[in-house]
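First to last, the protein sequences are chains H and A. Residue numbers for the first sequence follow our numbering, so the first one is 23 and each next one is one higher. Residue numbers for the second sequence follow our numbering, so the first one is 1067 and each next one is one higher.
Any given hint could turn out to be false.
[Claimed, not checked] Subject to a maximum C-alpha distance of 20 Å in a straight line, what follows is the list of computed PhoX-like cross-link-like pairs (lysine-lysine): (1) A:K1293 to A:K1277; (2) A:K1184 to H:K231; (3) A:K1132 to A:K1255; (4) A:K1183 to A:K1148; (5) A:K1395 to A:K1459; (6) A:K1183 to H:K231; (7) H:K231 to A:K1459; (8) A:K1255 to A:K1228; (9) A:K1434 to A:K1395.
[To be verified] Taking CB as the label site, the calculated pair distances span: (10) H:E146 to A:V1417: 23 to 33 Å; (11) H:R228 to A:D1240: 45 to 55 Å; (12) H:W339 to A:T1383: 36 to 46 Å; (13) H:L335 to A:R1174: 29 to 39 Å; (14) H:V132 to A:W1182: 22 to 32 Å.
Hints listed in this document are in silico derivations from the structure and should not be mistaken for laboratory results. A virtual CB, placed ideally from N, CA and C, is assigned to each residue, including glycine.
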Amino acid sequence: MKEKMKAKKSFNSNTILLLITIVLFMVLYAGGCIAYGSKGFTHFQTFLNILITNAGLICVACGMTCVMLTGGIDISVGALIAMDCMMLAVGMSKGIGAVPMVAIVLLVGVVFGFVQGFLVGYLEIQPFIVSMAGMFFCRGMTAVICTDQVSITEKINATFYKWANTKVTIPFGGYVNNKGKYMVPYVRPGVIVALIVLILIFIMLRYTKFGRSLYAVGGSAQSAAMMGLNVKRIKMGAYMLSSILCSVGGVCYCLNTMAGSVTRALGLEMDAISSAVIGGTLLTGGVGNVIGSFFGVLINGTISSIVKTNGKLASSWPNILTAALLFIFIVIQSVFGALRARKK
Amino acid sequence: MKENAILEMKAIDKVFPGVLALQGVDFTLCAGEIHALMGENGAGKSTLIKVLTGVYSKDGGQIYLKGYDKPVIIRSPQEAQKMGISTVYQEITLCPNLSVAENMYIGRGEGVRVNWKKINEKADAILKSLDIPAKATQQLSSCSIAVQQMVAIARAVDMDCKVLILDEPTSSLDEQEVAKLFKLMRDLKERGVGIIFVTHFLDQVYEVCDKITVLRDGRLVGEYEIKDLPRVQLVSKMLGKELDDLSDISGEHKKFQAEPNTPPVFEAVGLQSDAGIKPFDFYIQKGEVNGFTGLLGSGRSECVRAIFGADRVLGGTVKKDGNAIKIAKPIDAMRNGIGYLPEDRKVDGIVGELSVRENIILALQVLKGFFKPFSRAEAARFADEYIKLLDIKTASADTPIKSLSGGNQQKVILARWLLTHPEYLILDEPTRGIDVGTKVDIQKLVLKLASEGMSITFISSETDEMLRTCSRMVVMRDRAVVGELTDDDLTQGKIMSTIAGGEKKDE
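Only chain H is shown next, with the shape it has when bound in the complex (with noise of 0.2 Å):
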C-alpha cells in the first residue's frame, strides 16, 4: 500500500513540472490581455502571430529537447540555421527551384547531424565543444556563401515567395477592425509543419523504442548499456534528429524572414536551450517533454509580443524576463530534486 502512495506522489512530480509551465503560459498571457487588451491583445491573431514568428523555434526547440533528453547539448542549431537561410537565399537567386533547395538544406542537415553525432556517439566527444565547432562552422560557412543580406522576393523565387504568403485561414475567432472589416485568423504554412514535427516527436518519444531508449540513456548511460541498448547509436541519432529538424526550422524560419544574413538567428540556441529548460527538460537527461519545450517557447514569444505591444519598453526587456523565468525554474527544479532527494 505504501508503495503505491509512493508511486503517485513520484509520477506527478514530473508532471507537476509541466502543469507550472502551462499555468504560467497562460498567467502571463492573461495578463498581457488585461494590461494591453486594449492594444489588440486579446484578439487570437495575437496568438497565432506568436506561432508565425516562432514556427521555426518551436522545430529546432523539439530537436534540441530530444538531444538534451540524453545527457548533451546542441549549440550549433542557431548558426545551422543561419547557413540554412543563405543556402536558400542565394541558391534560388541563383536560379535554383524552391523544392530542391529545400531538399538540398534538409540533406545538410542530415550530413552535418551524422557528423556531429558520431563524434559524440562514438568518438565520446563532449557535446558542448562538438557543437560549438559546429557553430563555428556553419557561421563561417555562412558567411563564406555571401557576407551580404540577401532577400528572397517574388522575383528571384515564386513559389518560395508563394508558400511564404500563403494565409491558413481558421474559421473561427475572427473580429471586426476599427474599420468595420472581419478580419479572418491565419496562419502560415511555417506554423502547419512546426505543429506536424512537434505531434511526431511527441509520439516519437512516448511510443518508439527509440524515443524510450534517448530517456534510457539519459536516465544511466551505464545502465543503458548494461540493458543491451546501443548508446553510441543512440546518441547518434538525437544529434542527426537535432539538426534536422534544425533544418526544416531553417526552411521554417526562411518563410518568416524571407532573407538570408551572416548574423541571422543570432543566440536562437539559447532560446531553444531556454524553452526546453521552462518546460521542464532538465539539462541532465532524462526527463522532459516537447509539450513543455513547445509551451517554453510559447512563453518567450508572449514576452516578446507583450514588449512589442507596450512599444516603449526597450527591446531589451525580454532577455531580462526570460533570465527571472529560467532562474524560478531552475529553482523550482531543484527543490522537486532536492524533495524526490530526501524521500529517499
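Position chain A against the provided structure of chain H, taking the given hints into account.
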C-alpha cells in the same frame, strides 16, 4: 558435464599485466541451488564473475553451459544475457527515470513501437508472481533500493535466465529488505534457477546458501556443502590460515601499560554515522596502538571515519582527555590533534598532479589556513626532513606524486600527517598494495611513534600485521562491534572465532 549442473567453469585462468588474477579455478553450479562465492578482497571473486559475464575475456579454461554441446565463448554482458546468464550488481544498473515496466523490457525484442498496455500487463503479472511490491507504471526511482534490485532480478527472470549472479546485493539493504530478497531467491531456486551469491556477510551465507566455493589469491580453495563447513573453518579458509597453525603466532610486541588514573586520550561513546554502522564505544590511551579487525565490509573503516568526522555523525559523543569535543568535519578532528590516513589513497589521499612537497605540506597548510602560505624554503625544509626520515624514494621533492610507487605514495601521505604532529593517528589499511619491505618499515614506524607517546589506530586486512603492532583489537562483524581482545586473547584463532561468531562450539 555433471548431471544436474547448468554451468561448469573449468581451469579458468585470467592474467592482468603482472598479476595472475585467476589460476585454474573450477566452479560448478547446479539448477535450483544457491551457491555462495566467498573470498577476501583480491581473492578473484569479481574477476571470476566478470569472466563469466563476458566483461573480461578469459586467458585459459573452458565454460560449459547446459544446452550447449561445445564450450561457450562469452564476449559481452549482452551475449551472456542471451545465453541465460544475468547479473544483478550492487549498484543498480537500471534507469531510475523510467517506469518499472520499461526497465524490465527496454532493449529487448524487435520492432519500433512500444506497446505500453502489453508491457505493463506482462510486467504486473511477473511482479505479482514473484511477489515484488511494485507496480508496472511506477517510476523506478520511487521504489526502495531493495525493490529496485528485485525489479532487476525480475528482468533477469523474464529473460529466461538460468544462471543468476547476485553481486553483493544486500550491502545497502536493511534487515527486512534482506528478508524479502531472500524469499525471492528461494522462490527462484524452486523454479530451478541457479544462483551465484557473492557477499561478505557470513550470517547471510548460512541463511540461504546450499554450497560455498572459497577462493583465495586467485586460486580455488575448495567447494563445500554448507553443512560441512562451520563458520570458523570458512573464515580460516578465506584468510588462508589453518586453525592448528594459528595459536603459535602470537605478537612479539611489548605489553602496553596504560598510565593509571588518566582518562583515555580519545574516547567515543555511542558513536554512530550515516554510513550504516551500529552505535559503538571506543577509547584509546596515550601511546597505545590498537586496531579494528573484521572481514571486508564489516565496518572497520566506517568506525574510524566516524571518529574523524569524515562521514556525517548521527549520534554519540567524542571526548578528548575526558572533555567532550565536537567533531562535525575532518577539520575539527585535525584541530583536535587527530590525523587520518584513508583506506583508498588514490581517491581520498593523494593529489596526483601536485608534487611530493605540496602533498606533504597539504594537511599542515589546511590547519594553518590557506591565506597564510608557507614560504618555499619552509616547505622545502619540511619536505626534505620527512623524505629523509621516512626514506621516501623520489627523484626530488618536486616530482609529481603520481609517478611514485604505491608504497612511496603511502609514505608521503604518512609524512603529511606526521608533519601536523597529531596526538592520535588513524591508519586505515596503510600497507595495502605495497611491497613487503615498505610494509615492515611502516609497522616499525608505528611502534616507534607509539613509544614516543602517539596514540595510533591501525587497521589492516592482514591479521598478522595487526597482531605484530596492536596491543588491543576491536572486532567487528556486520557493521557492529562484537568484541574486544587484549593480551593473551590476541591470537589468530581467537580473532577468527570472534569474527565468525555464532558457533562457538566449533573452536
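Okay, the hints, checked on the actual structure:
Annotation: proposed proximity of A:K1293 to A:K1277 holds, straight-line Cα distance about 8 Å (limit 20 Å). For the hint linking A:K1184 to H:K231, the alpha-carbon distance of about 14 Å falls within 20 Å, and the restraint holds. Taken as a hint, the A:K1132 and A:K1255 pair is honoured in the structure, with Cα atoms around 17 Å apart against an allowance of 20 Å. A threshold of 20 Å between alpha carbons decides the hint, and for A:K1183 with A:K1148 the separation of about 25 Å lies outside it, so the pair is violated.
Straight-line distance between C-alpha atoms of A:K1395 and A:K1459 comes to about 33 Å, which puts the hinted pair past the 20 Å bound. Only pairs whose Cα atoms come within 20 Å are accepted, and A:K1183 paired with H:K231 is accepted, the gap being roughly 14 Å. In summary, the hint linking H:K231 to A:K1459 is not supported, as the alpha carbons are separated by about 57 Å, beyond the 20 Å threshold. Distance restraint check for A:K1255 and A:K1228: the Cα-Cα separation of roughly 10 Å lies within the 20 Å cut-off, and the hinted pair is therefore satisfied.
With a C-alpha separation of about 16 Å, the suggested pair A:K1434 and A:K1395 falls inside the 20 Å cut-off, and the hint holds. For H:E146 and A:V1417, the Cβ-Cβ distance of about 26 Å falls inside the hinted range of 23 to 33 Å, so the restraint holds. Taking 45 to 55 Å as the suggested C-beta distance range, the pair H:R228 and A:D1240 does not conform, at roughly 36 Å. Between H:W339 and A:T1383 the beta carbons are some 58 Å apart, a value that contradicts the proposed interval 36 to 46 Å.
Separation of H:L335 from A:R1174 is about 55 Å and departs from the stated range, judged on CB atoms against 29 to 39 Å. Hint check: H:V132 to A:W1182, Cβ distance near 30 Å, so the stated range 22 to 32 Å holds.
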